[in-house]
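Undergrad: For reference, the chains in residue letters:
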Amino acid sequence: MKKPCYYQVQDDEVEIFNYCVEHNLPVLIKGPTGCGKTRFIEYMAQELDRPIITISCHDDLSSADLIGRHLISAEGTYWQDGPLTKAVREGGICYLDEIIEARKDTTVVLHSLSDHRRELHIERTGEVIKAHKDFILVVSYNPAYQNVMKGLKPSTRQRFVAMTFDYPNAEMEAEILMHEAAINAELAQSLVKLANDIRKLTDIDLKAAVSTRLLIYAAKMINSGCSISKACKHCIIEPLTDEAETIQALGRVINAYF
Amino acid sequence: MEEVVGKLWDKWLTKQVSTDHVDARVELSTIQAQLIIFYRAMGGCPAKTIELTEPRKLQIKRTTLQKIAGSHQYFMVSWQDDKSIRLPPYIATFADSKSNENLYFWLVALAAHQPTMIHWLIDNQAATTKIISRYPGLKKIYLSLSQAYLAKRPELSDLPVQEQQAEKQIHYALTVPGSITSAVSSKFAVLPVPLWLYPARLRALPIGNKLSDERTGKGQRHLKEIKEIEQRKQVDYVDDERKTDGLLVFQAEALETWTEQVNLDRCQSDEDDSDNIDAIAKDLDVITLSRHRKAKSASIRFNLDLPAEENDDLRLGEGILLPEWNFKEQRLIENKCLLQTMLADDVKPIELNKKQQQISRDISKRLASLGLVQSKRKTQQSGDEIDLDAWLDDYSQPTKSTNKQNYFIDNKQHYRDVSCLLLADLSLSTEAYINEHQRVIDVISDSLLVFSQGLNQLNDKFAIYGFSSVRSQHVRYHIIKNFKMAFDGHVRGRIARIEPGYYTRIGAAIRQSSKLLSQQGSANKIMLIITDGRPNDLDQYEGRYGLEDTRQAIMEAKRQGLVPHCITIDKKAHDYLPFLFGQNGYSIVDNAELLPQVLPKIYINLTKH
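Quick note, the sequences are listed as chains E and H, same order.
Throughout the first sequence, residue numbering follows this note's numbering, covering 1 to 258 in sequence.
Throughout the second sequence, residue numbering follows this note's numbering, covering 1001 to 1609 in sequence.
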């Protein structure tokens, strides 16, 4: 049997999501890397007992990659549904992760799906698919990730019910660490304090903040015998920066705790 | 012979009284970059920087030997104010360098946990208690440092009875922080504790008092010459009620000693004997400066400095009122700055010289490769790859016309939706020489010339502005090229004619630039700011005030969807630029001569997809 998905509820996100499901509204989730966006969607899929289809967006993602394309077989060409079309036909949560990475012209195909019409137009076959009653569209992105040439089209983002996620508060984050990595409360609290100290440097000396995910990595390694300072260095500091000075200074912060 | 013996005697004596461990000495400069990051992580104010402390005179009870050697009068105590943390240039208190290094980190942690100090003895203990209860690692460090240090304190039996009480208190306070709640009085000061911070000397001084003005002289100066006096001097500010501004209105022979008054009127420091003044300043115990901000010579100088209107650039309009951020009040002060837009309308068109042409050709090649980094355009009539999807689509839909035959993927970038505004700092500090032939301003001018050539070739929309300022009511904003002007010889002429002058009130210039840039229709708007140092102006606009205002202006720009990026040649910029622009929001060009080559590279990195 599949291990149940663990998710620590932070605020009213489950309640809001349930309202969206009830009224078939599309959801936009904003939040920094590794704060639990994907885990939340997996958890909701489990709670609602719906399949989840995840699409990780990237630069080269074309609308054909979402909707589908013609392929060649021995008998000639045939149509192959893309992941989005599959979710629309069969129902389930279609989760487009890091949608900001996809090109703006690609995301336009979501427009007819994300308003009252809830239908998908397949231009190449001329088909119009009405979305399954269990279909729900969820997209996510990280607003801190700033690239000059990227951004979400206002007309796209205005079609979603939006929620902002952040790293959990200290108490909750410690609980998550204890649950995910089976470490004791004292160590979990120290790791969270350390993370919050390093988070003060976000947007000043560091581009991104320490994610809960990285903390879990460190906690897991510590639990299996790795020394605390080594685990913190390799799981928390090195992934965040390449600057030698910053790495050394953050090493000092680790030493302040352990 | 006398001299040799004297030197030997001095050396021997100094060695006898010195408690420093020279072999284990740790220099601040080697770990300064780490310390400031550590300070921020400990929760310290991100706008603060680290500076050198100055020797402070403390009257302690000296031994006979110390008296003969003339030592133990001045101490490098650490302290902080609302601008910076002042640390000693080196620490050699302990026999091992690890402990000396740890002491620096300890002091910084202490500074972060004790931003203001009311009572030296009590506050240091309180901050220590706070730190050791929160950070188990720092607790270990503190215990080992304090234990090792206590052994170095004077023996109680060597002190007079009255001093013994005070010394005992220090022992208790170091061993059990928080145990001493009030200080006993004593005739002498106790030997300063290097593990603690001391009160700021200049606590009552407003930020507007300037200790290190940008030099205002016009003579040739090498960058090396523009240096701070290595160790900050003790500064006593006097109320200059007679408003003499250091001008000696009495016979100089009447002066008894240099200590009383030195001709260090920075408003007039364009004399050639600047080296001499540095030397004198180093020898003096106390430098007396006037705290009268509206000193006459300052106002006279700057009124004279502003060119007569007929010799100045053409002023466009009455000026634009802009707000400024006051961090003390935590609010924007409306209409604080008056920005005057100016245009050099009498320039002759010019072409690039040979060297510039060479750099420009190199840049053109690099920019051409920028065109290759692009997104693919499918279903094209011609292109670099075959679009199998398009072919399949056509053949799987017999009803659809296949006459178009758009079966190619085109890899060329046809459309770069970018507007770029270049904002160049033209303050007087850019007059400094970076080598024998070039001033900073010359490098900036060269960079602007070749870069604008490149931008023109890329078809990116761009504008170039320069700025300087004389207080808030005269922010000079020079139009070199606006977004509508064509790039021609006149623009090049205006770039070649930029001149250094005045100060760096950068916040107002950024706000005006944001306004202009946000009016552009492009999806991507980049503001490149080229500068050579910190924000500063004649009034309170320096230090933390200037930094905080700049940070606000940058945040406002980001909120408008602009991408500000700062390019600086200030090697010390690591101290403050992360706070202003964020980790990836700035580039430091180590070798200023290479700015013309580096600038396009930075732009390429910023705008490639």
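These are calculated hints, taken from the structure and not from any lab test.
Computed from a predicted model, the values in this text were never measured in an experiment.
Treat the hints with care, as some may be off.
Selected chain E positions facing chain H (in silico; Cβ < 8 Å) [what the hints assert, rightly or not]:
| no. | residue |
| --- | --- |
| 1 | Thr156 |
| 2 | Asp203 |
| 3 | Thr246 |
| 4 | Leu250 |
| 5 | Val253 |
| 6 | Tyr257 |
Glycine included, every Cβ here is placed at the ideal spot set by N, Cα and C.
Undergrad: Please go over all the hints and tell whether each is borne out by the structure.
TA: Here's how the hints hold up against the structure:
| no. | hint | verdict |
| --- | --- | --- |
| 1 | Thr156 | 14 Å, violated |
| 2 | Asp203 | 4 Å, holds |
| 3 | Thr246 | 6 Å, holds |
| 4 | Leu250 | 7 Å, holds |
| 5 | Val253 | 5 Å, holds |
| 6 | Tyr257 | 5 Å, holds |
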